[in-house]
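Protein sequence lines, in the order shown, are assigned to chains A and B.
Residue numbering for the first sequence follows my numbering, starting at 13 and increasing by one per position.
Residue numbering for the second sequence follows my numbering, starting at 13 and increasing by one per position.
Don't take every hint at face value.
Identical copies carry no separate label here, and so any pair may be met within one copy or between two of them.
What the hints assert, rightly or not - Keeping only pairs whose Cα atoms sit at most 16 Å apart, straight-line, the calculated EDC-like set for lysine to aspartate or glutamate is:
hint, residue 1, residue 2
1, Lys264, Glu49
2, Lys63, Glu17
3, Lys264, Asp24
4, Lys158, Asp53
5, Lys29, Glu105
6, Lys158, Glu72
7, Lys162, Glu72
8, Lys175, Glu49
9, Lys162, Asp265
10, Lys264, Glu138
11, Lys63, Glu26
12, Lys162, Glu225
13, Lys175, Glu223
14, Lys29, Asp217
15, Lys264, Asp209
16, Lys158, Glu115
Just so you know, these hints were derived from the structure itself, not from any lab.
There are 2 protein chains.
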Amino acid sequence: MTPTEFRKKVRDNEYQKPTAGMCPGYAQTNLIVLPWEDAYDFLLFAQRNPKPIPILEVTEVGSRELQTLGNDIDVATDFPKYRIYRNGKMVDEYLSVVDFWREDLVSFLIGCSFSFEDLLVDAGIEIRHITEKANVPMFNTNIPLKQAGKFSGNMVVSMRPIKSSQIATAVNVTNRLPGVHGAPIQIGNPAEIGIYDLTDPDYGDAVTINENEIPVFWACGVTPQAAVMASKPKFAITHSPGHMLITNISNKDLSV
Amino acid sequence: MTPTEFRKKVRDNEYQKPTAGMCPGYAQTNLIVLPWEDAYDFLLFAQRNPKPIPILEVTEVGSRELQTLGNDIDVATDFPKYRIYRNGKMVDEYLSVVDFWREDLVSFLIGCSFSFEDLLVDAGIEIRHITEKANVPMFNTNIPLKQAGKFSGNMVVSMRPIKSSQIATAVNVTNRLPGVHGAPIQIGNPAEIGIYDLTDPDYGDAVTINENEIPVFWACGVTPQAAVMASKPKFAITHSPGHMLITNISNKDLSV
């Protein structure tokens, strides 16, 4: 299925699940939509925290269209699932946010680690949550972000168990993709970053960790959602964790 | 001389020249200072044009202090020379801009290709403008930037003549430094990007190009100045081309 065909299914609410492993080769993105009054603070927050918040595109104020990531994308319908936050509290999840759209909204499309998963697979590395048909496990950490205006909070990470013999490869492959979180931020010591139970993720699903595997942590595009909860802007729309936009650009385009 | 010692000389107006080759190993930066009303547009302009405008740090509104690049830096005194623009026209050059400072100004510190020059020297590559004690030659091009709000314009590039046998090395060395413009944007065909006379740069000085050398072009942090002239914000302060801030961080810190 091409990204355009896949997004058609999403737009028609025929696909409502996590997107890991879908349309291999194409970049996926996270989303946060904020009112114009919060846009500068958030753009600066991203500039100061590029590992968890690598911005791939910012829309014009009020627009639901993209330029760089694909010219047939509707930001308000093409993610399988959205969350709406008011004053830092999640209101509910929605399949479309067309009814909530406003002329003062700015959308930030943020690189996603799902983008590098097929490059890891190409390198012979198993992605456990794809094998187990689960959502990637994601965890809040104790790693503070650099504040910008009203935005602050701690980093969220995604975790993949990787065989000890393949960790160096996983680092090298992802290091070349700074636009989708780049190299891991930590390997093998969850307690050091405030994660005490790998079987109980804060977002997504737990996955099996085998004996010869080490948990590897990458900065995660759910970080802005944690920042929204911590910073309480009046209104925000995000994707639902794991339920990404599949863009028209290839992961290779994001490689340096 | 340490960066702190060097900046002391600059602050006392004892050093007023271009900074190429000074304090080897330490990152240098370009500068643009804009009123708050233009800050979002410029930050977005940089996000959309990361090759010429790789932002290393943004100050708090009104502040002349930095956090990441060094905590003993004064943005208004520590560049050897500044330019002030009003409505897109350069007013004059100044050794300090303390007298022009306002509470609504935001400073953008932008990566500089001088940062990678000592890594090129380490790789055995001669940097001609350092050998000739000249400022690096810089040229306006016909390469359009992506617009953001009021900001648009064409890319400015710096040029270094490199031996044919060393161009691959120059690409590899600079490719690892996306924070200071990264790999060249073009090699060997100046007319294609609108440059018709290499002996007549738009900024800086002409340098000798030997027979076995090819002109190699990197995106340049003077680009925001060309954008200022094209986009005419009411007020802007920039560094004078080639007259950079030397920071406390090492070029290695910028490597990926």
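A quick look at each hint next to the structure:
Taking CA atoms no more than 16 Å apart as the test, Lys264 paired with Glu49 passes in neither setting, with 35 Å inside one copy and 37 Å between copies. In this homomeric assembly, Lys63 and Glu17 never come within 16 Å of each other (Cα to Cα): the closest approach is 31 Å inside a single copy and 32 Å across copies. For a Cα distance limit of 16 Å, the shortest separation of Lys264 from Asp24 qualifies neither inside one copy, at 29 Å, nor across copies, at 49 Å. In this assembly of identical chains, Lys158 and Asp53 lie within 16 Å of each other by CA distance solely inside one copy; the values are 12 Å within and 21 Å between copies.
Within a single copy, Lys29 and Glu105 get their C-alpha atoms as close as 13 Å, which meets the 16 Å cut-off; across copies the closest is 59 Å, which misses it. When the C-alpha separation of Lys158 and Glu72 is checked against a cutoff of 16 Å, the pair qualifies only between copies, where the shortest distance is 13 Å, while the shortest distance within a copy is 25 Å. In this assembly of identical chains, Lys162 and Glu72 lie within 16 Å of each other by CA distance solely across copies; the values are 12 Å between and 21 Å within a copy. For a Cα distance limit of 16 Å, the shortest separation of Lys175 from Glu49 qualifies neither inside one copy, at 46 Å, nor across copies, at 51 Å.
In this assembly of identical chains, the alpha carbons of Lys162 and Asp265 never lie at most 16 Å apart, being 33 Å within a copy and 28 Å across copies at closest. In this assembly of identical chains, Lys264 and Glu138 lie within 16 Å of each other by CA distance neither inside one copy nor across copies; the values are 20 Å within and 33 Å between. For the identical chains of this complex, Lys63 and Glu26 are neighbours neither inside a copy (33 Å) nor across copies (39 Å), given an alpha-carbon limit of 16 Å. Taking the shortest alpha-carbon separations for Lys162 and Glu225, neither the intra-copy value of 39 Å nor the inter-copy value of 51 Å comes in at or below 16 Å.
In the homo-oligomer, the alpha carbons of Lys175 and Glu223 lie at most 16 Å apart inside one protomer (9 Å), although the nearest pairing across protomers, at 53 Å, exceeds that limit. Taking identical chains as interchangeable, the C-alpha atoms of Lys29 and Asp217 lie at most 16 Å apart only when both belong to the same chain, with a minimum of 13 Å there against 59 Å between chains. Taking the shortest alpha-carbon separations for Lys264 and Asp209, neither the intra-copy value of 34 Å nor the inter-copy value of 36 Å comes in at or below 16 Å. In the homo-oligomer, the alpha carbons of Lys158 and Glu115 never lie at most 16 Å apart, since the shortest distance is 29 Å inside one protomer and 23 Å across protomers.
Against the hints set out earlier in the document, violations occur for numbers 1, 2, 3, 8, 9, 10, 11, 12, 15, 16.
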